[in-house]
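Chemist: The primary structure of each chain is shown beneath.
There are 2 protein chains.
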Amino acid sequence: MTKLVRNAAGREVVTEINGQKAIPFQGVGAYKPEGIKHAPHISSCSDYPADGNKQVDSIREALLKAGIRDGMTISTHHHFRNGDLVANMVFDAIKKLGVKGIRWFPSASFPCHEHLIQYLEDGTIHHIEGSMNGPLGKYVSEGNMHGMAVLRSHGGRYQAVQDGEVEIDIAVIGAPAADPFGNANGLEGDSACGLLGFALADSQYADKVIVVTDNMVPFPCIPWQIQGNNVDLTVEVEKIGIPERIVSGTTRITKSPDRLLLAELTARFCDYAGIIKEGFSFQSGAGGTSLAVGEFFKSVMKEKGIRARFARGGSNKYLVSMLEEGLVDYILDGQTFDLDGVRSMRDNPRHVWTSPFTSYNYHGKGNFAPLVDVAILGATEVDVNFNANVVTHSDGYLLHGIGGWQNCLFSKTVILPLPLVRDRVPVIIDEVTTLCGPGELIDVIVTERGIAVNPLRKDLIDAVKDSGLPLKSIHELKDEAEKICGKPEKNDTGEKVIAAIKWVDGTVIDIVRKVKVQE
Amino acid sequence: MTKLVRNAAGREVVTEINGQKAIPFQGVGAYKPEGIKHAPHISSCSDYPADGNKQVDSIREALLKAGIRDGMTISTHHHFRNGDLVANMVFDAIKKLGVKGIRWFPSASFPCHEHLIQYLEDGTIHHIEGSMNGPLGKYVSEGNMHGMAVLRSHGGRYQAVQDGEVEIDIAVIGAPAADPFGNANGLEGDSACGLLGFALADSQYADKVIVVTDNMVPFPCIPWQIQGNNVDLTVEVEKIGIPERIVSGTTRITKSPDRLLLAELTARFCDYAGIIKEGFSFQSGAGGTSLAVGEFFKSVMKEKGIRARFARGGSNKYLVSMLEEGLVDYILDGQTFDLDGVRSMRDNPRHVWTSPFTSYNYHGKGNFAPLVDVAILGATEVDVNFNANVVTHSDGYLLHGIGGWQNCLFSKTVILPLPLVRDRVPVIIDEVTTLCGPGELIDVIVTERGIAVNPLRKDLIDAVKDSGLPLKSIHELKDEAEKICGKPEKNDTGEKVIAAIKWVDGTVIDIVRKVKVQE
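Listed in order, the protein sequences are those of chains A and B. Under my numbering, the letters of the first sequence match residues 34 to 552, in that order. Under my numbering, the letters of the second sequence match residues 34 to 552, in that order.
Bound conformation, chain A alone (with noise of 0.2 Å):
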């Protein structure tokens, strides 16, 4: 069995992961890291094209001419969502070839990808990095991946690649409009995402690059989100994914009258804690919890005359309005999630399309989440010390991909807007099933039972104190969650460790254990 130690968060984790050597969690900021980035070999334009076209018939075609051989590391982005193609031909293709043993390295993985089980099962994929949403979670949940799954958030996967933790053998680049070159985008064409920010690591860190688009236009493909100066190979295929399951057509804001009185006391909180003054700055998700407190922000901005710098994406119709009303001065975007999001991030110069480099890569000369006012996210389970967890369930079960949730973490104040109870089953709870975020960096829960606020934060606490806000402590909120749906059990779990959760830094912060299946 695998060795385990205890790291500075008091979470039992491995030393060694599928064979390389793993180093547990320090504590936030501890970890220095050492040594020099990544390097790709030198290349020369002598051995490239002169013409500039570097397109090929096949995917099969370029992972040959990519070198593809058993046990390489393959990378594949999920700017696609739930209506990717590519990993599937991709994976397809190796199969054919009878190539083995691939490590899978994509920035997440989706239901759509269902179809890769069968390679796990006859050992063309060896495991899987990358966060598994729905499916593949399920079956490495319950054990039967050959190796151990990673999981990284978006910063983390870039410090990886770019640390060289993780080296991409061939990195494929689905791309909804590309040149024969390599220059591609997200922004036009039948599977426009809106930009290939997840991609970006593996187009500079990676062996080979091959780039596969379904709408191939004239040199030069104009923005370069991903610069064709480090692509090795393009090919045009029919259809790279399927529209509807990419972005929405509508984004919708929750109708629960639940949901709807989480953000409005989230709202109400950051307008009394004086978050939300001139020249702010926010990060709300996608989620419908999440876009009604963008709505909140947005009517107590309108009513006080306030004008934010900048908004972080992921973006949406929501969000587009408040650039268009001129409520922000700028979207600072890390993936578009409907077609409005898609339309401004091409037309509107103030709506910026990011990458994890810049966003969030703890392992650089800063990035811009520690420069975000206020953060609105989600978990699964928040316990009495503020740690929460994104990734698995209180069965268990891994079943979601940590994101950009972590790096979100460092923004000045994260407030987590939670039910207090989820299907019958606490969601404040005494100590979270998989550790995903030390309880330092989390200020404020919210619940539609009250309000806790971290007692580090003194601060914010004398802010609210006077607001009639429900103000409870974490301990009063688990109470009350108890109270509804009695205690719950301990997770009854295997000994296999199935999952290794990395920190922002790399180092690891959390294991999960295979699930007792029940018969």
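Hints are computed from structural coordinates only; laboratory data are not their basis.
Heads up, simulated DSSO-like pairs for lysine-lysine below, C-alpha to C-alpha not over 30 Å straight-line: (1) A:K498 to A:K516; (2) B:K54 to A:K70; (3) B:K70 to A:K98; (4) B:K547 to B:K529; (5) A:K98 to B:K65; (6) B:K70 to A:K70; (7) A:K549 to A:K133; (8) A:K65 to B:K98; (9) A:K65 to B:K70; (10) B:K65 to A:K70.
Going by beta-carbon spacing under 10 Å, a handful of chain B positions derived as facing chain A: (11) Y64; (12) I69; (13) I75; (14) S79; (15) P82; (16) D196; (17) G197; (18) N216; (19) S314; (20) R383; (21) S392; (22) N394; (23) Y395; (24) G397; (25) K445; (26) V537.
For every residue, glycine included, the Cβ atom is placed at its ideal position computed from N, Cα and C.
Position chain B against the provided structure of chain A, taking the given hints into account.
Modeler: Using the frame of chain A, we list chain B on its own:
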């Protein structure tokens, strides 16, 4: 004395430059680089201000925080051309700190940097690696600099930094607009210069990066041509450049009848040769003749209803007018030469800022230069083998930089419109004083007395043979030049090697020797 060897171009060159091994030129495309790119140290956000504010009070303080010490390599860029104030301020500060033996690595230097000769004299600067236009060139030519100068093309400079051939300790990047985090661009402010591409490699690969601006804006400075995530320190000073010397308010086409004739012949040649066709691309310099070529192109295109896919800049009002009139789809611009260029780049998404990485780096996975159908370039001398010189005059003085010239030689057709004689000195001669570009890459010499096509380009010779254009052999042109001026005497230089001329792949294509100073 330095050991010399004969390179593949038949030139005697050094094998060591300032104590570092140098590789002789091996032929176009022959040298294959090995190894990996230069990799900077891994940083951690925990070592940078949590609020993203990296601003310090002065250049002196920034240099101290960056760890300035004897023998370091300090880089600057030349987007401010002869209006730059930054490099002089930096070395004034270094002088006051008593630091010695600096290698100054500008992307180019200009007459405004004559101020720095005192620091070459007193040992503050050991030597310069970078193009030297004017007084510094004269100073170096006369053998006064401690170390050997190294001249590189724009692409070669990127290559040298990327490959780790030049390790920059501290990059100082003057920026017309910046935020305290270090995001910066050249588009806004009193010192607007358009873009900052010449500093891109420096920002990516230098150990420490300092952004100096006279226009600090609140985060985020959009667009971020230089990414703050690569920046260590920011400084605000009163003035970084002299606007009227950075970009001209008005660009003027030549009125010289001789030059207009060169331009007209060049355009007619391109027209007959079938180069000016739907979807073609061109690059034309910023000199008076080149501008006139562009205007002739424009009239041909309008007459025939032809639209170019892209034009490579340097941009100016003439090129901008072609973009605005819909004659070119895109300008891919490396530097803006006038205010219309700056405005267009700021406001028109089809006026795209590029960098030596995208356009010129020979050690990338291709670059843009070979995709250009025709490049119109200059030269100080051309010889009967079509070899050309752009850095020295026939008296041996090293007075010009290479710029993007070597890189543009990879365009599909390279045309040099040149007067047969300059200042009573033949321009077409038996052997160039300094070899900057091998004749095999130079296709056509256009002079007022006739046009010579490189015999290697049988296709071009066939295409224009019935054009009625005054076609001659290069030998005929040389003879005509000698009829006018007499046969030039062989230039009499000293022994001392004062500069090495690099080819685009980092090999040494030629050297420059000390001139014999007239007493």
